[in-house]
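K.L.:
Chain residues, written in single-letter form:
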Amino acid sequence: MLGLHLYTLPIFFVVQGVALYAILAGADFGAGIWQLLAGRGERGGRIRDHAHRSMAPVWEANHVWLIFVLVVLWTGYPVAFASMASTLAVALTAAGLGIVLRGVAYALRSVSASAAEVRAVDTLTAVGSLVAPFALAAAAGGIASQRVPVGNARGDLWSSWLNPTSITAGVLALLSSAYLAAVYLAADARREGDAEMEATFRLRALIAGSLAGVAAIAGALVVRSDARRIFDRLFETPAVLSVAVSVLAGAATLALVARRRLDAARVSAAVAVAALVGGWALAQNPVLLPGLTVREAAAPHDVLVLLVVAILAGGLILFPSLGLLFRLTLRGSFTAPPRIERGAPLPGPTSGLAATLTATRLAGASFVVGAAFLFIGDGGWPHAIGVVALGAFIVLGLSALAGEDARE
Amino acid sequence: MTGALTLDPVHQAYLLEARQMQALSFAVHIPLVCFGIAFPAMVLRAEWLWMRTGDEIYRVLAMRWTKVMVALFACGVVTGTILSFEMGLLWPGFMSTFGAVFGLGFALEGFSFFVEAIFIGIYVYGWNRLSARAHFASGIPIVLAGLTGSLFVLSVNSWMNDPTGFDVRDGRVTGVHPITALFGNGHLAFELVHMYLAGFIVTGFLVAAAYAVGHLRGRWGRYERIALTIPLTVAALASPVQLLVGDWAAREVAKTQPTKLAALEGVGHTQRGAPLHLLGWYQDGDVKVGIPVPKGLSLLAFHDPNAEVQGLAAVPAADRPPVNVTRIAFQLMVSIGTFLAALGAWYLYARTRRKSVPSGRLFYRLLVVAGPASVVALIGGWVTTEVGRQPWVVYHVMRTTDAVTAAHGIPIGYATLAAFYACLVAAVAWILRRLARAPMATAAEPERALGGG
Ligand code: HDD
Ligand code: HEM
Ligand code: HEM
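The listed protein sequences derive, respectively, from chains Z and F.
Just so we're aligned: 192 in the working numbering is position 192 of the first sequence, and the numbers increase by one with no gaps anywhere.
Just so we're aligned: 236 in the working numbering is position 236 of the second sequence, and the numbers increase by one with no gaps anywhere.
Don't take each hint at face value.
Stated by the list, open to error - Computed list of chain F residues with no C-beta within reach of chain Z, every gap over 12 Å:
| # | residue |
| --- | --- |
| 1 | Gly105 |
| 2 | Ala236 |
| 3 | Val289 |
| 4 | Pro292 |
| 5 | Val368 |
| 6 | Asp402 |
Claimed, not checked - Within a straight-line C-alpha distance of at most 25 Å, the following computed SDA-like cross-link-like pairs (lysine to any residue) qualify:
| # | chain 1 | residue 1 | chain 2 | residue 2 |
| --- | --- | --- | --- | --- |
| 7 | F | Lys255 | F | His215 |
| 8 | F | Lys255 | Z | Leu362 |
| 9 | F | Lys355 | Z | Ala402 |
| 10 | F | Lys255 | Z | Ser112 |
| 11 | F | Lys355 | Z | Thr358 |
| 12 | F | Lys355 | Z | Leu357 |
| 13 | F | Lys255 | Z | Trp381 |
| 14 | F | Lys355 | Z | Leu362 |
| 15 | F | Lys255 | F | Gly285 |
| 16 | F | Lys295 | Z | Ile376 |
Hint data in this document are derived by calculation from the structure and do not stem from the laboratory.
Even for Gly, the Cβ is constructed at its ideal location relative to N, Cα and C.
If we strip away everything but chain F, and leave its shape as in the complex, we get (with noise of 0.2 Å):
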């Protein structure tokens, strides 16, 4: 039992159109699970006012979400199949070297799949065939295996950013710790809270927006304002709280990963003091026409203003990440979540203070703006940590170079995977917009909300 045995070396002239097919596919797979992770704890939500009141209207709600919930769920695990391929198709290097040390942690988060997978079924075709109660509980270990899917598949990507739990000695890994290495790196904390909150704020404001639109047309009944409060009030609590955690993993990877951090803020060169640049573009070492905040870095990353921050020229220009795109997504997921947070603050104000949703047409506009925005976020957010971390895959111990597969025909994999990818994206789009148009079951007929499937 070696365990060490290792692929050598290979020359990929298409590494960048690799990198861009990871990066396509979890493009469409990350938004989709947000609903995943969020939306089933939504539709349990309606289902269990149904059962508290007995008021119809939840049930068709929670019944119409669930068709949707089904949806893109199917969705999420076929995009979730391709990623699991392209993890040995694209990045054998990776998986030889490295499989043993994280893939436990795919391992348990194959079991959640089950889970989810299996009471998604009853949930789903349980409508009206179950006792209410039983139903109801059916859908409860979907929404843990959200959580804990979440918590195995981010212990590994924390572990590429914050690795620990092996040794490499004469270029081949010992002495492996699985545990140490997915649960006791520094990143898996904030990166869990982070995504899971983002779950939430992705899946309120997208739906939410749904009925926003629906608002500025003039669809406005009982059923729509409670089908717009339950993802918003959600998605308003978790936004403000998105802010502060997403603090926290700035301050942690101004700690260990200081080469993104000086990429994040483009900061050229060491100094103290270090300021804090909203907005311009990163060139020769500064950042050109960014509005200054002195000082500002320094104390936000350190709470010390004169905390001295390391800059790009502090390593190899070979280690550097691509700045500007690495900037850009993080200055887009910061602005965003600001913009969220505060319109989270408008909604949560009106309903505490005034007791009703905001009545102003601007508030439904801005909604419609804030669901697509958040998915910017999202991924920006994910490009800020993914590309932020080059030129390692797993940082500072193996670069992307020496990951990458040697198989010829990357380009025209990454053709076929953009085109199924488009129809994908297409088909979602006319299967919710379906779903939107279907006719409101009453509760006379409530067997058309499910629909022939």
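The shape of chain Z in the complex, shown without the other chains (with noise of 0.2 Å):
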């Protein structure tokens, strides 16, 4: 059983990030698969305007789960992370680079003129798509199936991500990617208003939700035949509750997206990515790599409490955060009509000639206190005054020069 201990908690928090990633940048993923089926014509365009719309607000955000995912890993597990960074290389360079297209096409798409452009531009995004969770799920399968060892890169650069398990899990990914797509854009479309891309993406759903069913069980038969161990622990408990988590809650939400529940449906899509990988968590704990346990792995104690500690203060900034710009996006406000409010004259102090002269009179000697203190100035306190005093020049010197922006 995953007994709490100090050295489990960052893993804890990196399995979490991993769901989150999962399902927020899965179902972006899922959208840019769905702009690559979207069809041409018209009505094409519609489908993949909408998958754009719902997902470029919140896209960077969801991104940065794989960050935190990272980051916590190499602080908490740093020789467990360099073993997997090392030995999986090709699957993580071509998720970089998967990566690297869902961005630049995102930051193409707002310049795109034409028609022709904006459908080469979600090709981009639609080949990205389709690479980065295939080759980050197929580095998964490689961890789960056992084929990472410690060691600076030891284990086979292909064999590693290109094996049964890998490639189950990567065919997964993008099935599950593209079922959670649907589902929340088909519930954002009910929230529009657009009864044509609800329907569409309701299809969707069910025909990607069933695929992911089939794909799963499919999937187990590999497994068992590739990756014994983690097979069989995952139907042991406690994986096998998630497991069964997972199944019950993605039969659910093709029973509520057929009843149009789509808001309910956004939720059971997510606690099924969530619960299967729980379940692999589960299943793996508490070997990380062979040989070497999560204990093992940990880094040194007051590490892990700092670590831990960031974490959850990080946290309190994070989640409040979080919640602002998915309200914000879930009420819709980013897609309402725009209102025009006309900027109105605060009130407020004009900085008249006389205060703008003070303010450069005063800019003029914090520089030159300033200067004298760094220039001069040996060790930590003449520095800090130093650098004050040079950070009151350049603000004073703004708002000197402020007035006067447009003067001819």
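Two chains, each in its own frame: build the complex with the hints.
P.N.:
What follows is the structure, encoded as structure tokens:
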């Protein structure tokens, strides 16, 4: 059972990060996949637009979960991280390049003018969206099937992620991403009152969900013959409970989509993916890599304490901010028609000539003081005073030059 | 919990390619993130002026800049993601041995990225949809996250240059104190100030350069004048300060990394009253063809004309960095820095004394040069820091040869990445051109300024 020790806490957060990445970035990649399958013509364009618009405000935040996973892993379990990254180098490079395509395509889309340009850019998104989740899940499959040994690039660069278990994981990741995305896009369309898109994506959700279910069953057979250890552990307690939750939630999502209960489907689809990730983690526990347990891999005690404190403190900032972003998105605040506020002059002192002159003089004085302390001074305090005074020079300078930005 | 497992040292035939791959990735990431550090503040300045004056021109400007900001931000995010991968892909020996020591810096960094990415989403898509005040407020966390992001990532780099907060016993890392390592090292303070200012200098001069090109081609209305002065004022104020901070950096380097200083200045043999050389190149223990300033180096680095400066020969040849690369990069940075400070002073003089921006064409021609030159100074500074640190990845503790991956195929990865980055740079150039040419939205149709995105 997953005992809660200090050394398991970071990996616990890593698993949550993986689950959130699989859900949130999965939906983003899935939207990219639907852009590829949108077909041509005017309707295809509308499908691609809908997919883009839904994801645009949130995709960057969604992708930070991957960074979170990496940094917690390399701080908390440095040897395991280094072993994984060096052996899985090809898979991770492919994933990285896929993410580059996704990001650049996003930037390009905002300036694409003609329909042909937009289509070309969406194809880039789609390629990235196929490559990145496949490669990342295949890398995870390599870890699960014990093909990543401890050491500097000790495992095979290719078969570590191109093997039956990895390919199964990759295909499953693509299908579940497409499934998630379809559910989310249908729910978004519903909220926007776009019946056509809602029907389109509901149909896609039903198809992708059924395919994902079939793939999961077929995949289980593949894993059974390829990686018996993880297969057996998946069907023991406690992992089996998580797997069962995943199966039930996946099936429930299909039913909810069929009944147009889309907001509930959003939640159950996320649960299905999270429970699958959780099941893998439970099955893998306590072994991180062959011959290396979580406990053995963990960083020294003090580091773990600080890491956990940092994550909890960071969470206090992160979750309210994320909550705000998703609330605004789900409320449709970003897709509502714009309302143009007329800027009204705010009350407040307008910088008169005298004030400007004072600011200029003060800025000059700060510069002299700062320069003296930084240049002549030695040691911490004189330098700190110097930096503060030079900072004051910049701020005062900005205010001195503020009022007349547009003067002839 | 051992925490001290390390990977065996390996032989890597393509170490140089691995280092170049790392350097290439940085050279693409760093100019982009200068915009992440500084541009949000400039966009907010324009928006604030709109709120203060009610003048539509400021809002049109802020909205147009928002598009630039979000495009560059997306590219900064994905290049940063590549960098994070590369830490493990290229330097597993470094990560496995020291990940526990400096990793916390990146973990904190991760939360900065979250804040930045979340509020950029809100800011960009909240234009004209949130109330003016709420929208403005949503931009503030972006600016703060740019500062904390720089702080945390530089804590890692400064630790690599001035490692503290751990012991090495029998080749194992023990007694790890991450807080001391990251925030107690002697390089963080000046690296942070120097890099943060560099963010404003690069962004300011590049944006100003774009409008200076327009000025030279006759596009010079009220809009362009405002769009030029907002970034230029910041950059002009920051660049003289940067000179002082750079000098501070050099004095700290003289203390903690004497070999690096010797490489920066091409000092072959330890000497008292060492001269400073401008230009020239280093060969056989001395600077050839350079212009010597007697006792200049001792004076600048130690504030004492007769101070002893340690030469490269004080350490075995295997412990010396490549001198000419480091030295030329350093000289480029310093000469460009001086040029930028002079240009900034000219601008500040004109604004305070003559109450207007300089009017001659020369000034705008120089501005056009200053934009790209500031990027050269930025990369030059990083080459100084990073190549000057060689052959150590963790100064005097771990060699780059012990950090590198054992994996094959680095040249293939390098070539692929270089091709991708060439496309990325081309894409960025194309995006910026498109945005610059987009028709100006008027007050009647401000939606245009945000386009279809
Ligand atoms: C616009 C950019 C820019 C400009 C104008 C300057 N620098 Fe710089 N410099 C950088 C941008 C930079 C940087 C951001 O690229 C570096 C790399 C590491 C760092 O902290 O800042 C740097 C590093 C750096 C270092 C190495 C520190 C180390 O190895 O740890 C020194 C000694 C200087 N600088 C000195 C100067 C001097 C004397 C300048 C002016 C005359 C100057 N810099 C202008
Ligand atoms: C001087 C050094 C660095 C500075 C000042 C810096 C700054 C920044 C900033 C401001 C961003 C926000 C994105 C943007 O503005 O475009 C960013 C993004 C990023 N950087 Fe860097 N960075 C540096 C080096 C590094 C290094 C060494 C790594 C990793 C090893 C890294 C990894 C990342 C990642 C992963 C992102 C994307 C975050 C996201 O998903 O939002 N950076 N960086
Ligand atoms: C702030 C965070 C940074 C971190 C953590 C970092 C880390 C590293 C690491 C691990 C290496 C490889 C090992 C080595 O060659 O010693 C490296 C090399 C290098 N980095 Fe950085 N770096 C940072 C910022 C930068 C930036 C902003 C640049 C800008 C161009 C840069 C330029 C280089 C170069 C040129 C090399 C190769 C050195 C050589 O081959 O001689 N670094 N860095």
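K.L.:
With reference to the structure, classify each hint as holding or not holding.
P.N.:
Now for the hints, and whether the structure bears them out:
no. : hint                : verdict
1   : Gly105              : violated, 9 Å
2   : Ala236              : violated, 8 Å
3   : Val289              : holds, 30 Å
4   : Pro292              : holds, 23 Å
5   : Val368              : holds, 21 Å
6   : Asp402              : violated, 10 Å
7   : F:Lys255 x F:His215 : violated, 46 Å
8   : F:Lys255 x Z:Leu362 : violated, 34 Å
9   : F:Lys355 x Z:Ala402 : holds, 12 Å
10  : F:Lys255 x Z:Ser112 : violated, 53 Å
11  : F:Lys355 x Z:Thr358 : holds, 15 Å
12  : F:Lys355 x Z:Leu357 : holds, 12 Å
13  : F:Lys255 x Z:Trp381 : holds, 17 Å
14  : F:Lys355 x Z:Leu362 : holds, 18 Å
15  : F:Lys255 x F:Gly285 : holds, 21 Å
16  : F:Lys295 x Z:Ile376 : holds, 18 Å
Checked against the numbered hints given earlier, the structure breaks hints 1, 2, 6, 7, 8 and 10 and satisfies all the rest.
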